[in-house]
Amino acid sequence: MRSVNQPVRKKDAMSLVTGQPVYTQDIAPKDCLVVKILRSPYAHALIKEIKTESAMKLSGIECVLTYKDVPDKRFTLAGQTFPEPSPYDRLILDEKVRFIGDAVAIVAGDNEKTVDKALRRIKVKYDILEPILDFRCAKDNEVLIHPEQNWRSLCNVGADNKRNLCASGEEKHGDVDEIIGGCDWIIEQTYHTKANQQVTMETSRTFTYLDETGKLTCVTSTQIPFHVKRILSNALELPESRIRVIKPRIGGGFGAKQTAVTEVYPAIVTVKTGKPALIVYTRRESFIASSPRHENEIKVRIGADKNGIIKGIDMITLSNTGAYGEHGPTTVGLSGHKSLPLYGKVEAYHFRYDVVYTNVMSAGAYRGYGATQGIFALESAVNELAEKMGMDPVQIREINMVREGAVMPAYYGETLNSCALDRCMAKAKEMIGWDEKYPRINLKNGKVRSVGVSMAMQGSGIANVDTAGVLIKVNAAGLYDMKIGATDMGTGCDTILAQIAAECLHCSVDDITVSGVDTDVSPYDSGSYASSTTYVTGNAVVNTCETLVEKIRDKGARQLGCAIEDVEFDGARVYQVDAKESINLKDLTVAVGSDKELSATELFCSPVSPPPFVVGMAEVEIDKETGKIDLIDYVAVVDCGTVINTNLVRLQTEGGIAQGIGMALYEDITYGESGRNFSNSLMQYKIPTRLDVGRIRVGFESSYEPTGPFGAKSIGEVVINTPAPAIANAVFNGVRVKVRELPITAEKIYNGMKQKNI
Amino acid sequence: MITINNFVKVKTLAEAYQLNQKRTNVVIGGFMWLKMGNRKIQNAIDLSGLGLNKIEETDDEFRIGSMCTLRDLELHEGLNNECQGALKEAVYHIVGVQFRNGATVGGSIYGRYGFSDVLTCLMVLDCYVELFKGGIISLKEFAKKKYDNDILVRILIKKDSRKVSYQSQRNAKMDFPLIAVAVAKKKNNIFVAVGARPMKAKLIQKSGCLSEQNPSQEEIAEFADWAKGQFSYGSNMRASKEYREYLAYVYIKRGVKEVLKDDH
Amino acid sequence: MIIKLWVNDKKITDEIDGDAILLDFLRDHGCYSVKRGCETSNCGLCTVLMDSKLVLSCSTLVARADGKHVITLEGLQEEAKEFGGFLADQGAEQCGFCSPGLVISVLTMVKELKNPSDREISEYLSGNLCRCSGYMGQLRAIKRYLNQKGAQKNEIS
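As you go down the protein sequences, you meet chains A, B and C in turn. Read in order, the letters of the first sequence are residues 1 to 758 in full-length UniProt numbering. Read in order, the letters of the second sequence are residues 1 to 264 in full-length UniProt numbering. Read in order, the letters of the third sequence are residues 1 to 157 in full-length UniProt numbering.
Bound-form chain A, shown alone (with noise of 0.2 Å):
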């Protein structure tokens, strides 16, 4: 393959490294109005009175607006395909406030200072309610943070405002308590996961303009840009053919930009007032007002036989969706759907779960999506098991874990047609040197060196729901434009889907321009999240080149006066297969006397989501004496099928495992008691430098994913789900502490090794 498999540089990369300017920011029209937010001081208070009016007074204030300012129709800021499963709970601007930092007012103003000055001068009376801050509490507690009439579910998912639920439900297989009654060894264990930030380095911004023919046009740093069309016809009562959304060049996503954060900001600013107007959240609204990781509480009961077979799972999750519902029915379904599966041998499964309202900030995705959440209460659970009949860790998931072919009945009963997880395990057992190394090496000054393993899964876009559009036509030159609706947000995927056309075309990666998306222009995409680009839109590529190429053996057939069946496409011409006659691809394409455009498109809806897998293994160095943890090595192992670009699945993977270690060891949006958050900066809220990440190695070893586009599956999320159990296991297998609950800090494990002393 010329193309694929290869370590092509990304077709921005020289722009982005010279520092050139082509983020939303950089792009605004000097003239925009500055737009900001007043927040709420209280976790939980209805306003009682307002008064905008000597704000207003400001020279250079344009507006002010509030709640009696706003549409009275709910909608979700969640990027999901219509009808969204996240419940319509939110107006643009609510007469209730439901955490500390929500919105009370917008303010806009010809400049930054004026505008801080206006924040100032509004005063708001409030009415304090009692808040709910732990989420444990929060089912069927009278007090209601959603009491609201027209609040509205759209989907089945189990949700019931008059009980704080999102989301409720179950999901069998089998006789759970039959299966595991009749088990040797059974654990059963609670474990928590808190709400970690994806800290994308540009935070989330927008600005919004009309058009000459009165268009609201909004560019944004989205994931999303055809479902923000829709968030803001919602939020706004617009019909979507009055609004536009282009993506320019974005500074990470990892699904912080999933959620419209900012968008209806501007947009209704641009609404009342027609002028042009740019919101940049900073980075503290970016850690107290955005969509970070749900908080779950997992209870995991597993069950095996006498030889370490576990032949059943139950799983209960209870998840924190915060103030509103933005991808709350949907992360929890994850919890289990892409954990469970990785167990082939299980005879029955249940799963359970609630999503709970809180008076904290909205949740909403974050790569992994409640996989990752899952993933690490059933693989510590399992950690646990191995321990507890005194199994190798890694053993035991060699004789459990699921094989190619296997149907997966956790999985929507899918078949697995691509699984090297076997593979991934012997590999990275042999990158860190597990058989050495488990499980402790005690050194002379009072520390620890020790090992521990993970697997995870996820998915390849969300089958039978994301539809990805690709357009490719050839231009004049005889070379190609290609036109996506998926969003690269740095991970490279316009370079990605390129090599895939490249290889399908025959031709350069060079000879295929890509643009970002505009949603007047672009073919219709979900948009790039649940990991759906390489193979969801992987594949419209392939589709789309498929009828491209028909079309161009076609026009060159008639231009040679010969049958379609009597000519091949080389990639630099259409010729007869059995004669000398030849038209090149530049000839063909301005050849007069046909009325055939070459251009093809294709939309793709993919009804399987082939996962992704990962073997994790962690190697730390503990002090024994103060439980002080320093990571010296990860090992990752990746099955996604073949490898489009290597040099970009390698990033993404060394990316992934680098969030993975910060949430493993010390990120954690913490609240104190009236609900203030308390992280709240990159001073109190730390991500990894680059002296935390010790050193990632990635391995990989490649199956075959027959429905993939030249076999691949996609790798976005996979790749940050195994650090947390990994290390978490190596923890204990250095000093016999079982840290359930995250992060896991020096302090818990002192503590825990204090107690064993007693």
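It is worth saying that the hints were derived from the structure and are not from the lab. Quick caveat: nothing in here was measured; it's all calculated off a predicted structure. Do not take every clue at face value.
[As the list claims (entries may be wrong)] For lysine-lysine, the following BS3-like pairs were computed, each having C-alpha atoms within a straight-line distance of at most 30 Å:
#1 C:Lys10 x A:Lys30
#2 A:Lys624 x B:Lys261
#3 A:Lys447 x B:Lys241
Go by the hints and put chains B and C onto chain A.
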């Protein structure tokens, strides 16, 4: 949000002092911490034209201008030889090179911040603060003083060949410390400063507390246990009071062992 | 107040407020490579050179740049392309939002450190945060770049 009406690059210390007598005027150091505050400043007093950005070494002391940066401290060979690299260890975890190129020694010391690595480390040295009006006082005294309107001109470190150790523990490498412990030894005097308790650093000193020759592990542990009890501790999102107190004990013990190493 | 400074060797005389921040001033003067990533001096995205020293432009008053030479990536395009090519060859720029601050820091590091070890490289650049890459690809790019410049003797893995 911080606002500044006038930026005044003063010509003399006297001018700076005079301006600083008004509450609405403020001396700006590196502006790292100040810029995050919420105040209206009438005159921002800038000392950068007074040549206070130098570290001078004489036969018996180091004279560190208040406008020297943390990076200057980190890179100064003589100074780090004198304290066996302890200062470098103390500043190295502070954010990054570009931050340390901006943050000033004067700002760090004047602020007397609870999390300060620099204050904790300097405290166990024979260290003084030179104030424009107040003259030269020990750093220990200065740390206890209330914020006033004097101008911090220099930090003075006497060369007395004491052995120094600096240790800290953090959840992430470039985070604030959960605990910061500096230990020094001069003859039979042991100095211990503990910072990030999370209250600001405090110094204790004890002489003749350990056997002259090779004190036993038990003696050292006993000393560390006593020493950690001389400080108060608190809880915050980084660590609990109890854990901090225990860490203080561990790092005092290790610090003492380090300063006793290769002794004589 | 009126100040005079050089931005990428171009002399600029301007009237500014006492609290004007260098980051905003540079963007207002067309230096869009300079990004704001936080308000707490933690991220390194806004790193520029002032009189040859790396500084955080978010934490620098423009008044303090009076009489000084400020260099942004706009003034180092050739050098940025050279080192940037190594980043691009690893795919290590990813979203690219932290790239300008990283690139200018690496270009400065090369002048300040002789034969840096991996550890010294990571220490020098610890103030440049990146959320996409996990840093390993950046390190590979830096080592290859140093190697080409004959400035690192380390083996490349």
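Here's how the hints hold up against the structure:
1. C:Lys10 x A:Lys30: holds (22 Å)
2. A:Lys624 x B:Lys261: The hint holds at about 22 Å.
3. A:Lys447 x B:Lys241: With a Cα-Cα distance of about 24 Å, the restraint between Lys447 (chain A) and Lys241 (chain B) holds, given a limit of 30 Å.
When each numbered hint is compared with the structure, no violation occurs for any of them.
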